[in-house]
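Participant: One letter stands for each residue in the lines below.
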Amino acid sequence: MSDMSPAVLLTNTGVPMKAQLRRIERVSQLKSLALILPLLLFLIVTFMLPIAAMLRQSVSNPEVVRVMPATLQALKHWNGKTMPDEATSRALLSDLTRAGGDGYALAAAGKRLNMEIAGYRSLVMKTVRHLPEERAAPSARAALLTVDDRWGDPAYWHAIARNASPTTPFYLLASLDHNVNDQGEVVHSEPDRAIYLDVFARTFGMSLVVTLVCVLLGFPVAYLLATLPTRKSNLLMILVLLPFWTSVLVRVAAWIVLLQSGGLINSALIGLGLTREPLELVFNRTGVYISMVHILLPFMILPIYSVMRGISPSYMRAAISLGSHPILSFWRVYFPQTVAGLAAGGLLVFILSIGYYITPALLGGPKDQMVSYFVAFYTNTTVNWGMATSLGTLLLLATLILYAVYNRLIGANRLQLG
Amino acid sequence: MQSFVTLPERIWYYTFRVICALVLLFLVLPILVIVPLSFNSSEFLLYPLTGFSLRWYQDFFHSPEWMNSLKNSAIVAPSATVVATLLGTMAAVGLTRARFRGKALLMGVLISPMVVPVVILGVASYLFFAPLGLTSGYGLLIMTHAALGVPFVIITVSATLQGFNTNLLRAASSLGSTPLHAFFRITLPLIAPGVVSGALFAFGTSFDEVVVTLFLAGPEQTTLPRQMFSGIRENISPTIAAVATILIAISVCMLLALEFLRGRAEKLRSSLPGA
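Going down the list, the sequences are from chains A and B. Going by this note's numbering, the first sequence opens with residue 1495, and the numbers climb by one from there. Going by this note's numbering, the second sequence opens with residue 482, and the numbers climb by one from there.
Source of the hints: derived by calculation from the structure; they are not laboratory data. Mixed in with the good hints, there may be bad ones.
[What the hints assert, rightly or not] The calculated DMTMM-like cross-link candidates involving lysine to aspartate or glutamate, where the alpha carbons are at most 25 Å apart (straight line), are:
1) A/Lys-1575 x A/Glu-1610
2) A/Lys-1861 x A/Glu-1679
3) A/Lys-1861 x B/Glu-740
4) A/Lys-1570 x A/Glu-1519
5) A/Lys-1726 x B/Glu-524
6) B/Lys-552 x B/Asp-540
7) B/Lys-584 x A/Glu-1519
8) A/Lys-1726 x B/Asp-540
9) A/Lys-1726 x A/Asp-1676
10) A/Lys-1575 x A/Asp-1692
11) A/Lys-1620 x A/Asp-1647
12) A/Lys-1726 x B/Glu-747
13) A/Lys-1570 x A/Glu-1580
14) A/Lys-1575 x A/Asp-1676
15) B/Lys-552 x B/Glu-701
With the hints as constraints, model all of the structure from the sequences given.
Facilitator: This is the structure:
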C-alpha cells in the first residue's frame, strides 16, 4: 500500500516541501508585521494615548472628592430635603480646615462647585475665611448659617453630594445642554447655559452648506477635466492643485484682502453698479463660507475627477445613438456612475469641515464659530478641561462615525491625493 | 464644434465652459491678488497699486520674530518629514505584503490622524504631555507633526506599491541578493516617486500646520504659520503679503516637483515588462 501513496516532495534538507513553504510564508508575514510595528507604536504614543487621556479627562471629577471626603461620607445618610444634620456640618468644617493648607485643591473644588451653582466658589472661600470663629462655636450647623444662610438651602448640599464620585457625566451632559438636578434626574439645562446643541447644529449646518456648494462647484469642473484631452486637462489641473498646495493661512489672508470693504470684490461690485454701499463680506458667515469652500473644493474635485476618468464615453454615446435625449442620457447613464466619486468627495469634505478652526476663527464673527473653537477656547482662555475635553470627545465621536462610514463605503486606502 | 450641433446645445456648451472658468478663477484668484500687493509701496493692502517696492520683503528679513519663526519652521518641518517618511514607508511596505484579518481596520487607524480634527489632537497632546514636562522644545512638536504627515506617506507609497511586480524581488533573491539589498536596489528605486511625493505631502502638512502648534509651541518655537496666524489676527500688514508670496513660491516648487515625479512614475511603470 505504501508504494501507492503519492510521493511527498522533500527539500534537499529532508523537510517536506509543503511545511518548508509554510514556514517561509510565516516568516515573511512576521517580517511584514515587524515593518508596521514601529509606526503603530509611534502613533500609540503621539496620537492614541493623548486622545485616550482626553476621553478620560472628559469624565474626570477629582476636585470635590479630594477636598471633602468626610462631608461626602456623612451626606450618604442625608434625607436630601432639609439642611443636613450637625455631624455633616461638622464634617464639612473639618474638611475645610484640612483643605485650608492646600489653597490649590480648595480653589479647584470651589471652581468645580461653582459650575453647579453660580456663586459657590465665593461661598466656600467666605466659609474658609471665617473658620476660626466657626470651630469655636458649639454648633457647627449654626456656625455655618451665621456665616452665610445659603448653607441652609439643600441645593448647596446636593451640589456636593452630586460630586461623590471621581467620575462624572456632568461635562458630557453639559456639552449636550443637559444636567442632573437635585432629584437625580437628567433635565434640560437653563437657557443661559444651553448653548452647545446650537453650536453642534451650527457646525453640522455650516459643514453641510460647504459640502453642497463644493458639490455644485466641483462637479462641473471635474467633468470638464475628465473630458478634456489629457494635455489640456493637466494644465487646468494645475489651477486646482496650486491652491491645494498653498498654505491655508496665505489663502485666509488673501480672502481678507479681497473681501474687505475697500477690497477688489467690493470695488468690482460697486463698479458694476450691483451695489452702492460696500457689502460686508468678511468677519461674518459669508467670509467663512467663501474661504472654507475655497480650501475644501480640491478635496471634492479630485475624487470625482478620478472616478470620471474611469467612465467610458461609449455608454453615453450608445444612449444618445439609441435616441435618448443628451440631458436624459447624462442623468440616467453618466451621472449614476459618478456617485462613488461624489460620495467620497462629499464625505471627505464634510468630515474635514466639522473640525474646522482656523478659518472661522480668522474670518468669522462670534456667531460663526464651530465646535473646535469652543474646545480651544476652554483650553486656552478659561482653562476648563472638563468642557474642553467633553466637547472634544463628542466632536471626535461624530468624526469617527463619519470616518467609519467613509471606510465602509470607499475604503481608507482609496483616498486620492492629487 | 460640428455644424449639426443645435443652438441650445451650443449655448449650453459655452455656459458650461464659463461656469468652469469662473470656478477655476475662484480657485486661483486669492493667489493672483496677494502676490502683486507684496511688491506694492503702499502701507495698505488695497488696489490700485501705487508703486514697486521691496520694503515688505526687507521688513520680513529684518524682523527678528519672522526670522525666528522661519528658523523654527526650517527645523520642525524637515525633521517631521524624515520621521513620517521613514515610518510611513516601512509600514506601507509591510501593509502591502501582510495578509491578516483586520488589515483594513489597521489601515483605517493608521490613516486616522488625517481626519481627526487637529484641535482635538492639539488639546489631547497638551493635556497628556504638559504634566510630563515635554511641551517645551521641538521634540513633541516634531513628533506630532510627523503623526499628522504619516497618512499621506502611507497613501502615496501604497499606491505606487500596487503596481509593483513582486517577481522582480523573487528574481533578485534567486540571483543571491539578500532581502535588504533587494529592497534598496530594486524596491526603493521603483517606489521612489511615491516615497518622495509622500515626503512632500508630509512636509507640506507640517510647514502649513498652525493649530497643533498653537497648543504645543512656546514663544521660542513659534513657526512661520503660527506667526502668520497672530499677524492676521492682530493687523494684516503688507509684510504678511510678502511672507504669503514666499510661501506661494515654495508651493509652486513643491507642485512642480510632484508633477515631475508623477511623470517619472508613469514612464517607469510603462517601461517595465510585465508591470
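Participant: Output the indices of the hints that this structure fails to meet, ascending.
Facilitator: Violated hints: 2, 3, 4, 5, 8, 9, 10; rest satisfied.
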